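Which chain is which? The protein sequence lines are A and B, in order. For reference, each letter of the first sequence is one residue, going 1 to 855 in the working numbering. For reference, each letter of the second sequence is one residue, going 1 to 123 in the working numbering.
These are computed hints drawn from the structure, not numbers from a lab. In this text the structure is predicted, and so the values were computed from the model without any measurement. Note that CB positions come from ideal geometry on N, CA and C, so glycine has one too. Check before you lean on any hint, since a few could be wrong.
As the list claims (entries may be wrong) - 25 angstroms max Cα-Cα, derived DMTMM-like pairs, lysine to aspartate or glutamate:
id : chain 1 : residue 1 : chain 2 : residue 2
1  : A       : Lys267    : B       : Asp61
2  : B       : Lys3      : A       : Asp295
3  : A       : Lys309    : B       : Glu13
4  : B       : Lys41     : B       : Asp61
To be verified - Stretch-level coverage of chain A by chain B, calculated; a stretch enters the list once three of its residues show a Cβ under 8 angstroms from a Cβ in chain B:
id : segment
5  : 274-288
6  : 291-298
As the list claims (entries may be wrong) - Just a sample of chain A residues kept apart from chain B, beta carbon distances all over 10 angstroms, derived:
id : residue
7  : His249
8  : Ile310
9  : Glu314
10 : Asn394
11 : Gly413
12 : Leu551
13 : Thr559
14 : Ile623
15 : Arg651
16 : Ile839
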Amino acid sequence: MIPDFVAALYSGRGLSTAVAVAIAIGAFVLAEIAFIAIRRRLRAGGSAGPERQKAAQTDELARSRANNLARILEISNRINANLELQPLLNQIVEAVRESLGFGMVLLRILNEDTGCFEARAFAGLEEDAIEKLSANEVPLRTFKTWMTPEFEVSGSYFISHEHEFWRNMEDEVYVPDLGERSNGEWHPMDSLFVPLWTRDQRLIGYLSVDDPLDRKVPGAETIETLEIFANQAVTAIDNARLYGKLEEHIIELREATKRLKELNEIKSNFVATVSHELRTPLTSIRAYAETLSHDLGNSPRETELEFLKIIEQEAQRLTSIVDNMLELSHLESGKVRMTKTNVDINQVARHVAQILSPTTEKKSIELDLKLGEEPVVIYADEGMLQQLLLNLINNAVKFTPEGGRVGAHVSDGDSSVEILVEDNGIGIPQSEIDRIFDGFYQVDSSATRRYGGVGLGLAIVNNIVEWHDGKIWVDSEEGSGTRFTVNLPKRKAVAPAKDEIVGAPAECETGGEVPELIVDMIAEVMGAKTASLMLLDEESEELYVGAAMGLDEATMKNTRVRVGESISGWVAKTGKPLLIRDIEEDSSFGRPNRSNYESRSLVSVPLRSSGRVIGVLNVTNKISLVPFGENDAEILEILADRAAYILDKLRAYESVRGEFGSIVNSLQCLIDSRRFAFTKRGEETARLVVKLGRSMGLPEEDLRLLRYVSRIYDVGMVRVGDEVLKKRGELRPGEYESIKRHPEAGVDILAPIEFLGKVKDAILHHHERFDGKGYPGGVAGEQIPVAARILAVVDAYESMVTERPYRKAMKREEAIDELMACSGTQFDPQVVEHFIEIIGKDELMKQDELSAVAS
Amino acid sequence: MSKTRILVVDDEEYIQHILNFSFCAEGYDVTTASDGDEALKKARQERPDVIVLDIMMPKLDGYQTCKKLKSDPQTKNIPVILLTAKGRDVDRKLGKEAGADDYVVKPFSPGRLIERVEGLLNR
Numbered sequence: 001m002i003p004d005f006v007a008a009l010y011s012g013r014g015l016s017t018a019v020a021v022a023i024a025i026g027a028f029v030l031a032e033i034a035f036i037a038i039r040r041r042l043r044a045g046g047s048a049g050p051e052r053q054k055a056a057q058t059d060e061l062a063r064s065r066a067n068n069l070a071r072i073l074e075i076s077n078r079i080n081a082n083l084e085l086q087p088l089l090n091q092i093v094e095a096v097r098e099s100l101g102f103g104m105v106l107l108r109i110l111n112e113d114t115g116c117f118e119a120r121a122f123a124g125l126e127e128d129a130i131e132k133l134s135a136n137e138v139p140l141r142t143f144k145t146w147m148t149p150e151f152e153v154s155g156s157y158f159i160s161h162e163h164e165f166w167r168n169m170e171d172e173v174y175v176p177d178l179g180e181r182s183n184g185e186w187h188p189m190d191s192l193f194v195p196l197w198t199r200d201q202r203l204i205g206y207l208s209v210d211d212p213l214d215r216k217v218p219g220a221e222t223i224e225t226l227e228i229f230a231n232q233a234v235t236a237i238d239n240a241r242l243y244g245k246l247e248e249h250i251i252e253l254r255e256a257t258k259r260l261k262e263l264n265e266i267k268s269n270f271v272a273t274v275s276h277e278l279r280t281p282l283t284s285i286r287a288y289a290e291t292l293s294h295d296l297g298n299s300p301r302e303t304e305l306e307f308l309k310i311i312e313q314e315a316q317r318l319t320s321i322v323d324n325m326l327e328l329s330h331l332e333s334g335k336v337r338m339t340k341t342n343v344d345i346n347q348v349a350r351h352v353a354q355i356l357s358p359t360t361e362k363k364s365i366e367l368d369l370k371l372g373e374e375p376v377v378i379y380a381d382e383g384m385l386q387q388l389l390l391n392l393i394n395n396a397v398k399f400t401p402e403g404g405r406v407g408a409h410v411s412d413g414d415s416s417v418e419i420l421v422e423d424n425g426i427g428i429p430q431s432e433i434d435r436i437f438d439g440f441y442q443v444d445s446s447a448t449r450r451y452g453g454v455g456l457g458l459a460i461v462n463n464i465v466e467w468h469d470g471k472i473w474v475d476s477e478e479g480s481g482t483r484f485t486v487n488l489p490k491r492k493a494v495a496p497a498k499d500e501i502v503g504a505p506a507e508c509e510t511g512g513e514v515p516e517l518i519v520d521m522i523a524e525v526m527g528a529k530t531a532s533l534m535l536l537d538e539e540s541e542e543l544y545v546g547a548a549m550g551l552d553e554a555t556m557k558n559t560r561v562r563v564g565e566s567i568s569g570w571v572a573k574t575g576k577p578l579l580i581r582d583i584e585e586d587s588s589f590g591r592p593n594r595s596n597y598e599s600r601s602l603v604s605v606p607l608r609s610s611g612r613v614i615g616v617l618n619v620t621n622k623i624s625l626v627p628f629g630e631n632d633a634e635i636l637e638i639l640a641d642r643a644a645y646i647l648d649k650l651r652a653y654e655s656v657r658g659e660f661g662s663i664v665n666s667l668q669c670l671i672d673s674r675r676f677a678f679t680k681r682g683e684e685t686a687r688l689v690v691k692l693g694r695s696m697g698l699p700e701e702d703l704r705l706l707r708y709v710s711r712i713y714d715v716g717m718v719r720v721g722d723e724v725l726k727k728r729g730e731l732r733p734g735e736y737e738s739i740k741r742h743p744e745a746g747v748d749i750l751a752p753i754e755f756l757g758k759v760k761d762a763i764l765h766h767h768e769r770f771d772g773k774g775y776p777g778g779v780a781g782e783q784i785p786v787a788a789r790i791l792a793v794v795d796a797y798e799s800m801v802t803e804r805p806y807r808k809a810m811k812r813e814e815a816i817d818e819l820m821a822c823s824g825t826q827f828d829p830q831v832v833e834h835f836i837e838i839i840g841k842d843e844l845m846k847q848d849e850l851s852a853v854a855s
Numbered sequence: 001m002s003k004t005r006i007l008v009v010d011d012e013e014y015i016q017h018i019l020n021f022s023f024c025a026e027g028y029d030v031t032t033a034s035d036g037d038e039a040l041k042k043a044r045q046e047r048p049d050v051i052v053l054d055i056m057m058p059k060l061d062g063y064q065t066c067k068k069l070k071s072d073p074q075t076k077n078i079p080v081i082l083l084t085a086k087g088r089d090v091d092r093k094l095g096k097e098a099g100a101d102d103y104v105v106k107p108f109s110p111g112r113l114i115e116r117v118e119g120l121l122n123r
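Chain A with its partners taken away, still in its complex shape (with noise of 0.2 angstroms):
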């Protein structure tokens, strides 16, 4: 081993030799033992002891000097080795008190959340003497008043009992017993210690040593052997923590890297199948078009007119196709704007049937509608309801024989509306089941090319259902049919100004829909798939569900967690919150079911009134397949404040009326604005404003908000008229007049929830401008709030880089110039130069990414 051999190779020669070794083996050593040396000559230099000529004492010396290094090799050895923290301190600690020493050794490191020094490594100490140490952590305060140069030696501090420093402070200090020590003897109230400083000057901890085994009080030579050990822990921590930091991007960049690559697959894919979906319907075109010309007037009429009529066929086949891909993709991207009305399901229904009964009678197929007389009304967009059931009645009809039967049944329920469409035809083989919603991944089925349809029509289904919140799933059997059943949520429809609030519903009095609307604006500000709020039950101890979206209402129903048990029970226990970015990544969770509807990513904090834990906030799933991380935990923190405060307002208002009405409005439009804040963009403009305020030096609180705001900051919007925000052509003065109200709007909008100043005080000014010519107060230069001048910036080039229905969207380079041309007018110039910045390293980012996916 190392460590013998060093000593061995010394005991007969220099100590040079050893110092060879130690250059051999790593520079970090060779750094401290040059220190030494320094200092040793310095030292002797000044005082010429004669002792230092005694042979005996110098051979003794130089020995326990190359234990010594041979320690510290070791320990250097092992934290290039091993990046796990505990046992290299353990080791440190360990090998201070056996090469120097010491009966006690103790290493503290500064938690910078606490600003407390924690107790993370001992050797020589009883139980109750760690416990003790572990208990009480010193404050960095409290530690900096101990570290006066009156106690300075060399890097380290020797407090003598003789200064009777500790006299008052008794109860933070551990006093060991060391049974009767004379005069000049090591005493029990004597202390030494070692703080930890970082290269950079940062002070991470510090070590402290008790009970010199010769009863000495150390000389110069221990402490600064005692120094180097110091610096190894410090080293230790320093690679930990850079590791961890190293750890955290690798991880992040491989995820990246990993959904870059199945995005690069299914596009791959994609092209693959949709040409091949292309080519079928054009080689018969082709084909037939050209045995016509060829042939023309050989053949018979009948025949001519047959291969018209395919041709035709073929080219409607073609359009549908390439219709259902710009409808999915459209819907897939997240650019829609949902027109949300009182949508009465039975007359849809009809209303497609309708149209679809050129087809039906055509196949001799009976369209059997089961619909009430009653009105089955929801909240919904009109067109895509009915896009939803024209697809799933034409596919039922497509894949049923001729002669056979398809039916629709619509039935109302108490918070939901149920659809079932059903077909006595071919049926689902079982293996294809699961795929039958992907869409893309499974356009290239033969057996749909033989009906004649796209395969394309399923997936839009789907991807309207999640739209609306809703569920979808399909029974069947081979051979002897299909059934779809679709769950819709109802929602009420909420008057789009507070003041039109007249005779709102009875629950609304109780207060009793707006649990439902926190979990809706909830998921829709954090592009959820899920959202949950459960409440806590004092008597029981236990969580029940007080509302959800995305839950089915059994699991509702039944959902009873105990406090402690498992993740909101934890979170309610700890008042901590927990979030989980992958569960199949995650060790400590079992792994449950395969299903698509599984958990994989999520976010639940706790909802506190006045300090108390009153329940449970949760997310899961984003929409965008993005697992959550840190921003997003810090966001539904902060709409978990808004969430209890609404509760508490709740509580405290039950009485009066119109208090809800204006609550319900906000989270309503709260909700709209996202649904038509084209929700992707909506998550980079988030994450180009964090990132820009970051560059800027804003304190992490002000970041905190800023992410926070960016998500909801053009909530007013949604008091501009849809005719407004569609229309191609140029304004007109009114138009152009209701959209300039809409920072306004928008602070009026959420004055019912939101309590902060800072946050209306953003959205308020983010369209002034720094010339003080912008809307709606006319600021100008710093008096502009400092997030609203960021906001502005990124808002402005995230819409130029957009493509919007009156123009196409503008290159990033383009969208630069355009922001520097306004850069001192429009932008304050300051934020403009750092955007510029971090949206080049952005690309430069991108690039990196991008030839990582391709190698």
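Using the hints provided, position chain B relative to the given structure of chain A.
Showing chain B alone in chain A's frame:
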């Protein structure tokens, strides 16, 4: 002289139909099949002079069908032309490996397909 007999295999009804029409017009005796299994059966029964075989088919695809045809002593001497909806090199290679004698890329011209079939038969 008896008519040249051709087996046309495609799962797309319209394409089967137009191939049937075109080859009939050229004086061929046409048999059709809609999938690989049917194609193998008919090839053994009818012993056609040439086979036009689509690649993208359910169950047994064109490559697999072609391999089976070429490994069966009863059918291995019948020339096979593949109809492929993909025009990529990898498909050409797969076709060759499966033992196909020629291939035509979709969307194809019926006139050109007939020329290719005749070319194969005269070889």
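Taking the hints in turn, this is what the structure says about them:
no.	hint	in the structure
1	Lys267(A) with Asp61(B)	24 angstroms, holds
2	Lys3(B) with Asp295(A)	21 angstroms, holds
3	Lys309(A) with Glu13(B)	14 angstroms, holds
4	Lys41(B) with Asp61(B)	15 angstroms, holds
5	274-288	holds (count 11)
6	291-298	holds (count 3)
7	His249	38 angstroms, holds
8	Ile310	5 angstroms, violated
9	Glu314	7 angstroms, violated
10	Asn394	19 angstroms, holds
11	Gly413	40 angstroms, holds
12	Leu551	39 angstroms, holds
13	Thr559	44 angstroms, holds
14	Ile623	33 angstroms, holds
15	Arg651	62 angstroms, holds
16	Ile839	38 angstroms, holds
Violated hints, in rising order: 8, 9; the structure is consistent with all others.
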